[in-house]
Structures are given as C-alpha cells and as structure tokens.
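Chains as they are written, first to last, in this note's numbering: chain A, 1 to 181; chain B, 1001 to 1194; chain C, 2001 to 2202.
Everything labelled a hint here was simulated from the structure, so no lab data went into it. Just to be clear, a hint being listed does not mean it is correct.
Below, a sample of chain A positions facing chain B; criterion: calculated Cβ distance under 8 Å [said to hold, decoys possible]:
1) A17
2) L19
3) A27
4) D37
5) L58
6) I59
7) S84
8) Q103
9) R166
Every value quoted in this text rests on a predicted model; they were computed, and no experiment measured them. Glycine residues also receive a C-beta, built at the ideal position from the N, C-alpha and C atoms.
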Amino acid sequence: MDRQNKDSLVENLSAAALLGLLALLVASASFLVDGHDEKGEQEALARLGGAKLSGKALIASDSSFRRVYPLVRKGRPLYGTVLSIGDQHGKARVAAVMTADGQVDSLQLLSVVPADAPFSREGWFTEFVGKGGGESFPSNKAELRRPDTVSAATDSFLETEEAFSRLSGYVSGLAGAVEGK
Amino acid sequence: MSYLAIVLASVFSANALLVYGFGICPAFRKERRGVWPQIVALALVNLFASGLFWLARRFILLPLKLDSLDVIVYAVIIAPIIKYLSRFIASASSPFLVRVGAAADEAVMSCLTFGVALIVTRSDYGLGEAVLASLSSCVGYWAAVMVLDSIRERLELSAVPPAFRGAPGLLISAGLMAMAFLGIDSALVHNLAR
Amino acid sequence: MERKNAPFLPDPVTGSLIGLCPIIVVTGNFGAGVMMATGVLVSMLVLGATLPALRNLFPERLRAPVAFALAASLSAGYALAADAYSPSLATLVGIFIPLTIVNCLVLTTIRRGIRGDEPFASWLLPSAFLYFGIIVAISALREVAGLGRLTLPVPGEVPMTLVLFDAAPMRLLAAPAGGFMLLGCLAGLYRILLRKGGRRIP
C-alpha cells in the first residue's frame, strides 16, 4: 500500500475512532441516566402499588411509556409504569399500576407542566382528562363531537384515554404471553 | 389514528410551519428555485429522512436501548445518505432534476426535515403511517408558504410603515394565519376522521 | 451615515432573523426557553472551542462529518443532562433539544469553524450570548404577559411556578400565533432603533 493510501486509511480510522468514542460516551451517559430513572420509577411504583418488583423492566416502544415493570402483591401479578402524557399544550407524568387484565389498579400524578393550558386551580384531572358540556368530563367519545365539548382540554382527554388504552392492551398482551408459557 | 386523521392532523392542527415553527427561515426567503422542484425535493427528502429514521430507531436503536443515539445516527448516517442521493439526482441531465437535487441538498439539514422526522418516529406510528404523516406535513408546510408568498406580494404593494416592511410584516401575518389554525381543534379533526 | 455610539447590539434573532425555529413553541414557557437557550449556548461555545483543533487534526474531507458528529453528541448529551436536571421541563422542550444541531446559529458555527473563516471568536461570543439573552427575555415576556405566571428552571421532578396574576392576561401570547406576532413586532422595533441610530437595516 503506498504512503498516500496509508495516510488516508489512518485518517479515516482516526475519524471513525473519534465517532465511536463520542457514541460510546453518549451511550454510557444514557445508560447511567436510564439506570437512575429506572430506580426512581421502581421506588415510586412499589410505593404506589404496595407491591414488590418481580422481574426485569420490559421495554415498550411506545411514545407514552418506555418501561413496564412486573410487580407482585400478595401473589397477585401487577404491572407498573410511568407514563408521559401530553402534547404541545402541556405534559403530565403519571405513575400507574395495572392489573394483569389491563385494568387500572392505582394512579398517582408525579408532575404536571401546563405549557399554555388555562390557568386553573382545579387540579390535573380536569386539566388533562377534559371538560365537556354539563359533565366534568365526557363519559364517551360520542360526546366529544358536540360543539360545546370541543376545547383544548379535550386534546388532553384523548391523549390520556389513548395512552391508557395502549398500556392496557400492552399489559393484557404481556399477561396473555406469560399464561401461554 | 386513521390515515385520514393523520393527513388532516399533519396538514392543519399540527402544521409544521404555523404550529411547530419549523422551516421559518426558508419560508421567509424571497428567491426560490421554482415551485415544483422545491415541492418534489421537500417531499423526497422528508420521505427518505422519516422512513430511514423510523427503520433505524425501531429495528436498531430501541432493541439495543440506544434511542439516545438517534440524533447521532441522523447526523452521521441518514443525512449523508440523503445528501448523496440529492447530489446523484442533481447530476442528472434534466434541468428539473438538477433543481430538485439542489433544493434537496439544502433541505437535508434543516429543522423542517429533522423536526418532522423526530415527531413521526417518536409517535406511535407504523412505517406507512410515519411516511404518510411526513408527506402530509410537507403539504401543510408548502400550503402555508404559498399563502405567505401571496401575502408578501400584497404587503409589498401596500403602505406598510418602513420598519415593518419585509420580514416583520410577514411574521405578523404568519401570526394571524396561525391564529386561524388555533381554531382547528385536533380533537375535532381526530373525531371527524374516526 | 454611521454613528459610533448606536444604542443597540447585532442581535441574531430580531436583527438577522436566524435561529427562529425553536422560538415559536418553546419560548411560551420560561423554564423551557432557558433550557433550550442554554443548549444552544453550550453547543456553540463547545464547538467554537473544539473546531479550530479539528482543522489541525483532520483533512478537509473529514472535518464536516466529525464536526456534525460532535454537534450531535453534544445535543444528545445535553438532552440526557436536561432530563436528569428536570424531567418535566425536558419533556416540555421535547424535540427542540435534538433540533439544536440544525439551529442556524449552530450550523453557521460549524461552517465557519471547519472553514477557518475569520472573524470567528469575535462573531461567536456575541452571537451566542445575545441569542441566549433574547430567548430568555422573550420566554419571560411570553409567559408572564401571556399566562400570568413564571415557570422557574429549578432542578427536580416538579417545576416551581411563580403565579403573578389571578388570570391569564393575554393567552394568545403564549400560543404559537403570539410567538410569530411578538417576533414580528420585536423585529420592527429593532429596525426603528437601527434607523434612529443611523445604521443600515440587515
């Protein structure tokens, strides 16, 4: 190999090594932060559900929930996760413990950041579950079509409803897979 | 979400320019390389960027728990691939394709392309839905830019105070358009297309 | 005609109208605006410090990929740091932290840094700090005048919010529409100041 090709190869390898090093640094930092987040989530969920962790966290490729933790309370299997629900109008972080058939066992609001949501003293449920017509929030999706229920709050109702539907489906699928084994 | 809901949401209630503010700088640029080459270039770049990014994130990064590296993957792998493709198109003999390639080359490292790619890959879309959302975002962006261009022409002929001629007046007009888009509630769009 | 003591600085946002993309959405919340502006500032300063060294280490064909990889790593690292500092604010800023690498100011820093354009440090430092300053000011104005509160960028799970008014004075200001209109008004005001100072409008 002549000298010029050798120099090119060395330069290319140095650049690749630097890129690899940068990726490794970012990946290491992300594993550290994830580990810290996981620990915090596990503690919050164990406290909320009064349950113990029964296995490793499962990775869900969902925009609202990343990690689902299998829990057990008095021999009963449960699943816990921390959801990040919201859109450009605001975000809420919610710890949720679900039963194996996809029902909500317990919920806790961890934090809420209302970006441009209406200033309200009523708490996160009316902010994020929705205000519709004569009821505090619509009892079904058909009521959302009425003009007086169309408001910014109903965006968050849909987001919350969809996030929990997906979580319920995921948890039911997990429990079904475990039973199948 | 149904495909219709994705298209309506991407064009109206989640318009790339008027709701997210992506691509403001090129939108206010006066000179263009022709409307059709720009539209085709934008559509191609967004299609490839969102598609490749979705595949990389779903099949490589998420299984390895390396989703924090998605920015590096875009900057180091996906953007150069699309730049190479745009230069390949620009080397064609047809003047139309040369302009498409040049416009695509500029659009790769822009907040419109990367922003739309990030939004569609971090939502819960399949590959087809992600590509459709990306293309619809382009349509919505381009529609807003066309309306702003015609507003700009009218402003140039109007007696606007000197300090507000050009970009400041156009920004205020964009704000008034965005106000109209605020009235398009995403819950309504979602329900209409159910 | 140029006056030497003109009462303005070459602000990249209202003057040159660059780096506007994250301003419309993120500056509706003060904490999110500070977080995003800090990301851009850190990226520009670190790139400004390392790119001259990169010119000496790598040939021209490799400088751009390495520079972009460095910018992307900084952006990814900052996203992780922001998430650890305040998860609530980080989710609010959302995709605009990764979008730092395609911010016009950061791209200009990369281009000037790898080409060795002069002046570099004398352009970089005022631009970076002015951008930070104007973003913070716009964020404070939009949240206080728009929503009547101020979300402070303090560390922790729950953000600290100072409630200044009982009701939102002008909600539109916190929405993207208000962001556009405020930018337009600030750009117009900047041009008025330029004219009064006898300077050329950019």
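Here is what the structure says about each hint:
{"no.": "1", "hint": "A17", "verdict": "violated (14 Å)"}
{"no.": "2", "hint": "L19", "verdict": "holds (6 Å)"}
{"no.": "3", "hint": "A27", "verdict": "holds (6 Å)"}
{"no.": "4", "hint": "D37", "verdict": "violated (12 Å)"}
{"no.": "5", "hint": "L58", "verdict": "violated (12 Å)"}
{"no.": "6", "hint": "I59", "verdict": "holds (6 Å)"}
{"no.": "7", "hint": "S84", "verdict": "violated (11 Å)"}
{"no.": "8", "hint": "Q103", "verdict": "violated (21 Å)"}
{"no.": "9", "hint": "R166", "verdict": "holds (7 Å)"}
The structure does not agree with the numbered hints 1, 4, 5, 7 and 8 stated previously, though it agrees with the rest.
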